[in-house]
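Listed below are the residues making up each chain.
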Amino acid sequence: MPFIPHTTDDIEHMLKTIGVADINALFDEIPESLRCPPLDIAAGLSEQEIVRLMHERANEDGQTLNFAGAGAYEHHIPAAIWEVTTRGEFYSAYTPYQAEASQGTLQLLYEFQTMMTRLTGMDVSNASLYDGASALAEAVLMSVRANRKSKSKVILMPTSLHPHYRAVVKTIVTQQGITMQDIDYDPATGTTDLDKLMAHAGEDIAAVVIPQPNFFGGIEPVNEMVNWAHENKALAIAVVNPMSLGVLNAPGDWGQTGADIVCGEGQPLGIPLASGGAYLGFLCCQQSYVRQMPGRIIGKTVDLDGKPGYTLTLQAREQHIRRSKATSNICTNQGLMVTAATIYMSIMGDAGVNSAATQSYQNTHQLVASMTDIPGVERVFDSPFFHEAVIKLPSSAARYLRSMGAHNILAGISLEQWYPELKDCVLVCATETKNQADLEKYMSHMGRLFDAPLACQLRPSF
Amino acid sequence: MLIFEQSRLGRNPKHQVGAVEGANYEIPEEFLRKQPAGLPDVSELQAVRHYTLLSQKNFSIDTHFYPLGSCTMKYNPRACNTLANLPGITSRHPFTPPDMGQGFMACMYDLQNMLREVTGMSAISLAPAAGAQGEFAGVAMIRAYHDANNDTERCEILVPDAAHGTNPASAVMCGYKVKEIPTNSEGDVDLDALKSVVGPQTAGIMLTNPSTLGVFERQIEEIARVVHEAGGLLYYDGANLNAILGKVRPGDMGFDVIHLNLHKTFSTPHGGGGPGAGPVGVSERLKPYLPIPMVAYDGDDYSWVTEKELPTTIGRLSAFMGNASILMRAYIYAKMLGNDGMARIAEFSTLNANYLMTRLDEAGFEMAFKNRRATHEFIVTLKQVAKTMGVNTMDFAKRMLDYGVHAPTTYFPLLIAECLLIEPTETETRETLDDFVEVLKKILKEAEHTPDLVTQAPHTLPVKRLDDVRAVRQLDVAWKEGEES
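Protein sequences, first through last, are from chains A and B. Sequential numbering from 1 applies to the first sequence in the numbering used here. Sequential numbering from 1001 applies to the second sequence in the numbering used here.
The hints are simulated quantities; they were obtained by calculation from the structure and are not laboratory data. In this text, all values refer to a predicted model and were calculated from it rather than measured experimentally. Where hints are given, some of them may not hold.
To be verified - Computed far set for chain A versus chain B, every beta-carbon distance over 12 Å: (1) Leu119; (2) Ala127; (3) Ile172; (4) Glu224; (5) Glu231; (6) Cys425.
Said to hold, decoys possible - Pulled a few chain B residues facing chain A out of the computed Cβ check, cut under 8 Å: (7) Gln1056; (8) Thr1152; (9) Cys1155; (10) Tyr1297; (11) Tyr1302; (12) Trp1304; (13) Gly1315; (14) Arg1359; (15) Lys1441; (16) Lys1442; (17) Leu1475.
As the list claims (entries may be wrong) - These stretches of chain B come out as covered by chain A in the derived footprint (C-beta under 8 Å, 3 or more residues): (18) 1077-1083; (19) 1093-1104; (20) 1172-1186; (21) 1195-1208; (22) 1227-1238; (23) 1417-1428.
Note that the Cβ used here is the ideal one computed from N, Cα and C, for glycine as well.
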């Protein structure tokens, strides 16, 4: 019996102790009419059989050469990270309710919180939410609770934000009567149209969402946006890629007084792509909003002897204490992913994160420069970009991606499904994991497709 | 010592990704970082040693008996982790088109089907990232259903007073008012009280069965009838599904919508607080509202079900596919169990719980529901001990840590004074259960003769009892340079 250790003797002895004839007698309080027939599920596999099956399934998905980003990024993951993260003491522990028996996890979470506050320039971080998109939904709910100057429950949300993030926020917050108003991007720059934002001056707005970099990879005018939000008594919610913060300014330093709440997707920090999860959402804020924050927060304290130790704190915000009055229903979050991200940030340090971010920037810029050498292939937007860019092709993006896919190259993501105006456009990304040979391979296949093999050489790196 | 205190500028050669000299960005200065963030600068060995040593300060399933009630802390098979980390699985980008490989989608489709069968529901969505998000999705579907029927007067969700705190919190996140239903002395829902509050304003009821009191709700068919007749729907909180897997199905009990906790019943890692995975299942009438994405199969190919295919969906809950790598571990576990293995889980988790309850009863501990059959867990109340010896449940729990046992869930459910909610799970041996009984007997004796030993516990862990009040009053949630640690 897989994973069940009972011998026949054990079973007999235990049933006798309980005073029942057989195991089925233990279910005697369940009405007979409800008992289910044998399940229509195949018999169990042995470990060696499941190994075979999973290798077959994994091989089907193969090893794609990946130039897609759009919220999930392939970065190098140092070997030590998951070796340590999957130690049983981290892997098979639970939420640190018994603090004295969980100091390992608790101290690690305190270190994570510290690292995130430093990266984002905020005072406080929680111990994680599910993913970047649901973290933004929680940030929006938090801003409505926290902004005492606003009664409107209106949130301004740029269309340059990841479309799936916008969809998730809609699913989660509209249940509570919060409305989102789109702020269109400027078709020339691909970043938020400031005139359209400023048209809302004087209105009662709870918060403005500010992505950096945005979904198109573009650098948003974050300083002006934060200042405008504060002048209009709205909170500024930053949505950032933590990897980019090795190069880009911390949201705490945006504008005159910095963003109020910062959230985002922690996946770039040592978490594999794995089809979209498990990742980790992070949420940081300025000190004054800490009591409106959802999720677990770890605090430092002392024990009976005055020795420092760590414990769950501000639990009066949470569902297991406050029930229907809690700041959120969140309970279990993404502990194991936080463990990996914390070890990643320790091993990489500032210099390592900066190097991965910079190489991603350089590879993407080199790829984009080479792609746009092909006649009819051009950048759509003229704003500075980080490690992603939108490229317009001379013909169907879907056909292009299928053709490149036939060579096992995931050549980007078609944007038309979310932005009809971006027909024939792909979003591309080349992280530090791509070497010159990978970029050359991309260009040579692309060149053949557009019948421009000569134009289609890799530009020298810079 | 914190990792930051081991940091020395310029220590790490960054061989992991190589260094970049003199980078030049075509990004205006005002958007660039001015100062390094202040992440640690340590060698790889320092980081590995630091976090390995930290891990050793944890109790975990792999190292300790962990009978944490309602959390199902059973063995997490290593095969699930190893196989979920095969390169073809970890490197797959979430936007990979289905025609570039169907392996992942095939696994998810199989998992949907297995979960549908074991719950007796009509359809499953794997999208929710945890139980609480599954609850949110479930209640949102209830709301979407009533809205679609123009039944907009329904503004209340009924929740028994024994429920997990997530239930009322989830109902409120969906814009509902919460009405609590009392429990009778036998541990079942107070049916008269239920009948008196159910009505045209009732959107639904959220139930856990077996309940958090460790007993099976015997009147479930009657409850379903009462709520359905009033036009409400039934929500099943799958936290305790381990107790009835392959024996009874929520769908057969009359539930309209359920969530499962795969990190409990399907043994995915608890990870020091997640990730979880909280798939939802629905009856026929709620199918149009399931959260996306899901996987469909036409006999040849697997494809995604998105808003395009299911325009009435409540929508997306995370940017991609929930906690996909956790779903993969649950899939591998479910495949290893098969049909017979699933029923055995219910049988042996129930056997272990009833055996342990009987042994503790014989040892003189007071059971909250002595005349009921335990499910996969049961409740001991220490209210007499607290009254006569001045040693409370928290003291007991802390002393257990000294004996190398993780404490059961304490002070939950809120209904039972000074309670311990004990869930041994099916993967523990009889010897472990017997040892646990001896530990509790010893602590009871200590409480009587040397109460200070118990009230001051733990004595053998990395820290003694921590000052939680100070943690709130002198809030310190991030380390500052120069601060003592």
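Taking the hints in turn, this is what the structure says about them:
Its closest Cβ contact with chain B, about 5 Å, brings leucine 119 of chain A to no more than 12 Å, contrary to its assignment away from the interface. With a least beta-carbon separation of about 7 Å from chain B, alanine 127 of chain A fails to lie farther than 12 Å from that chain, contradicting its non-interface assignment. At roughly 7 Å from the closest C-beta of chain B, the C-beta of isoleucine 172 of chain A falls inside 12 Å, breaking its exclusion from the interface. Listed as outside the interface, glutamate 224 of chain A is inconsistent with that label: its C-beta sits roughly 10 Å from the nearest C-beta of chain B, within the 12 Å cut-off.
With a cut of 12 Å on Cβ distances, glutamate 231 of chain A stays outside the contact zone with chain B, its closest approach being about 18 Å. Cysteine 425 of chain A, annotated as away from the interface, keeps every beta carbon of chain B farther than 12 Å; the closest lies near 15 Å. Hint on glutamine 1056 of chain B holds. Least Cβ distance to chain A is approximately 6 Å, under the 8 Å limit. A distance limit of 8 Å between C-beta atoms decides the matter here; for threonine 1152 of chain B the minimum to chain A is near 14 Å, and the interface restraint is violated.
Of the supplied interface hints, the one on cysteine 1155 of chain B is violated, with its beta-carbon coming no nearer than about 13 Å to a beta-carbon of chain A, more than 8 Å. Given hint, tyrosine 1297 of chain B at the interface with chain A, is violated; its Cβ is 14 Å from that chain's nearest Cβ, farther than 8 Å. Against a cut-off of 8 Å between C-beta atoms, the interface hint on tyrosine 1302 of chain B is violated, since the closest Cβ of chain A lies about 11 Å away. Checking tryptophan 1304 of chain B against chain A by beta carbon gives a least distance of about 11 Å; that is not within 8 Å, so the hint is violated.
Checking glycine 1315 of chain B against chain A: minimum C-beta separation of about 3 Å stays under 8 Å; hint holds. Here the hint on arginine 1359 of chain B is kept, as its CB sits about 7 Å from the closest CB of chain A, short of 8 Å. At about 16 Å, the closest approach between the beta carbon of lysine 1441 of chain B and any beta carbon in chain A exceeds 8 Å, and the interface hint on this residue is violated. With a least beta-carbon distance of about 18 Å to chain A, the hint placing lysine 1442 of chain B at the interface is violated under the 8 Å criterion.
Given the 8 Å rule on beta carbons, the hint for leucine 1475 of chain B holds: about 6 Å separates it from the nearest Cβ of chain A. Here's how the region 1077-1083 of chain B fares: 4 of its residues keep a CB closer than 8 Å to some CB of chain A, so the rule of at least three is met and the hint holds. Given as covered by chain A, the region 1093-1104 of chain B passes the check, having 11 residues with a CB less than 8 Å from a CB of that chain where 3 are the minimum. Only residues whose C-beta sits within less than 8 Å of a C-beta in chain A count toward coverage, and the region 1172-1186 of chain B has 5 of them, enough to reach three; the restraint holds.
Counting residues of the region 1195-1208 of chain B whose beta-carbon sits less than 8 Å from any beta-carbon of chain A gives 0, not enough to reach three: the coverage restraint is violated. Check on the region 1227-1238 of chain B: 0 of its residues sit with their Cβ under 8 Å from a Cβ of chain A, so the three-residue criterion for coverage is violated. Look at the region 1417-1428 of chain B against chain A: 3 of its residues bring a Cβ nearer than 8 Å to a Cβ of that chain, three or more, so the hint holds.
When the structure is compared with the earlier hints, violations turn up for hints 1, 2, 3, 4, 8, 9, 10, 11, 12, 15, 16, 21 and 22 and for no others.
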